[in-house]
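*Asks:* The numbering of the sequence shown is my numbering, which starts it at 1 and goes up by one.
Hints are computed from structural coordinates only; laboratory data are not their basis. Mixed in with the good hints, there may be bad ones.
As the list claims (entries may be wrong) - Lysine-lysine pairs mimicking DSS-like chemistry, simulated, CA-CA at most 25 Å apart:
no., residue 1, residue 2
1, 145, 171
2, 79, 115
3, 110, 171
4, 121, 145
Said to hold, decoys possible - If you anchor each label on the Cβ, the simulated ranges turn out as follows:
no., residue 1, residue 2, range
5, 154, 83, 13 to 21 Å
6, 30, 67, 27 to 35 Å
7, 59, 24, 17 to 25 Å
8, 68, 169, 18 to 26 Å
9, 25, 59, 15 to 23 Å
10, 59, 35, 42 to 50 Å
11, 71, 24, 34 to 42 Å
12, 116, 85, 19 to 27 Å
13, 59, 122, 40 to 48 Å
14, 67, 111, 41 to 49 Å
For each residue, glycine too, the CB sits at the ideal point set by N, CA and C.
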Amino acid sequence: MRAFVLMISMVLMTISCGSQIYLDPATLNSSIENKEFDFNATRAFPTNYDVINVLNSMPGSTSTRLMNLDPGYGFNLKKDLFSVALPYFGRAFNVNPGDATKGGLTFESKEFTVKQSTSKKGNTLLVITPRDQRENYVFNLEIFKNGSAFLSIQSNNRQPISFDGNISAPK
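Working from the sequences, and respecting the hints, build out all of it.
*Replies:* Rendered as structure tokens:
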């Protein structure tokens, strides 16, 4: 009886440790192939240690470099439009004082390039570069087979920032 209970508990632990599927593989592959999908950001990873130190000094903090985000942040990629609405935590080097509308990464681009490649592990790598923005952004997106994704953003005017999230079909 004891061996049976042990075996059942091992099976349940193995099942619960399985990875979460965010989007079924057929829909994910067609969305990536068409280059039309939504990235939903769930966590931000700022690189500025001033931001990290402030976060760690707050009561109840966990002294980590990640910030959980509310739903609604991310970007939409379509054939003719790249719409970005992401928060930014870090240092901007050249800003206009008093311009509260430019706090995060919020813009729409109609002129952009998307370069696609595949990693050694079979993940899809996309490099999205908007060409009609004042700042030069480079969005490096790695899409995993289960629909989760990791986004890294570089700019000529801001410190780099990364986001963790998932891919969904376009709305």
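*Asks:* If I claimed the Cβ atoms of residue 59 and residue 122 lie 40 to 48 Å apart, would that claim hold in this structure?
*Replies:* holds (43 Å)
*Asks:* Is it true that the C-beta distance of residue 67 to residue 111 lies inside 41 to 49 Å, as the hint says?
*Replies:* Since the Cβ atoms of residue 67 and residue 111 sit about 31 Å apart, the hinted range of 41 to 49 Å is violated.
*Asks:* Keeping to a limit of 25 Å between CA atoms, is the pair of residue 145 and residue 171 held or broken?
*Replies:* holds (21 Å)
*Asks:* Range first: 27 to 35 Å. Now tell me if the beta carbons of residue 30 and residue 67 are that far apart.
*Replies:* Since the Cβ atoms of residue 30 and residue 67 sit about 32 Å apart, the hinted range of 27 to 35 Å holds.
*Asks:* Is the gap between the beta carbons of residue 59 and residue 35 within 42 to 50 Å?
*Replies:* holds (44 Å)
*Asks:* Using the beta carbons of residue 25 and residue 59, state whether their distance is inside 15 to 23 Å or not.
*Replies:* With Cβ atoms ~43 Å apart, the hint is violated.
*Asks:* Honestly, do residue 59 and residue 24 meet the 17 to 25 Å range at C-beta?
*Replies:* violated (42 Å)
*Asks:* Is 13 to 21 Å respected by the C-beta to C-beta distance linking residue 154 and residue 83?
*Replies:* Roughly 19 Å apart at Cβ, these two residues keep to the hinted range, so it holds.
*Asks:* Starting from the range 19 to 27 Å, see whether the pair residue 116 and residue 85 falls in it by beta-carbon distance.
*Replies:* holds (23 Å)
*Asks:* Do the Cβ positions of residue 71 and residue 24 conform to the proposed distance bound of 34 to 42 Å?
*Replies:* Violated, at about 21 Å.
*Asks:* Is the straight-line distance between the alpha-carbon of residue 121 and that of residue 145 25 Å or less?
*Replies:* Measuring from Cα to Cα gives roughly 10 Å; hence the hint holds.
*Asks:* Can you confirm whether the C-alpha distance between residue 110 and residue 171 stays at or below 25 Å?
*Replies:* holds (18 Å)
Comparing the model with each earlier hint shows violations of hints 7, 9, 11 and 14; every other hint is respected.
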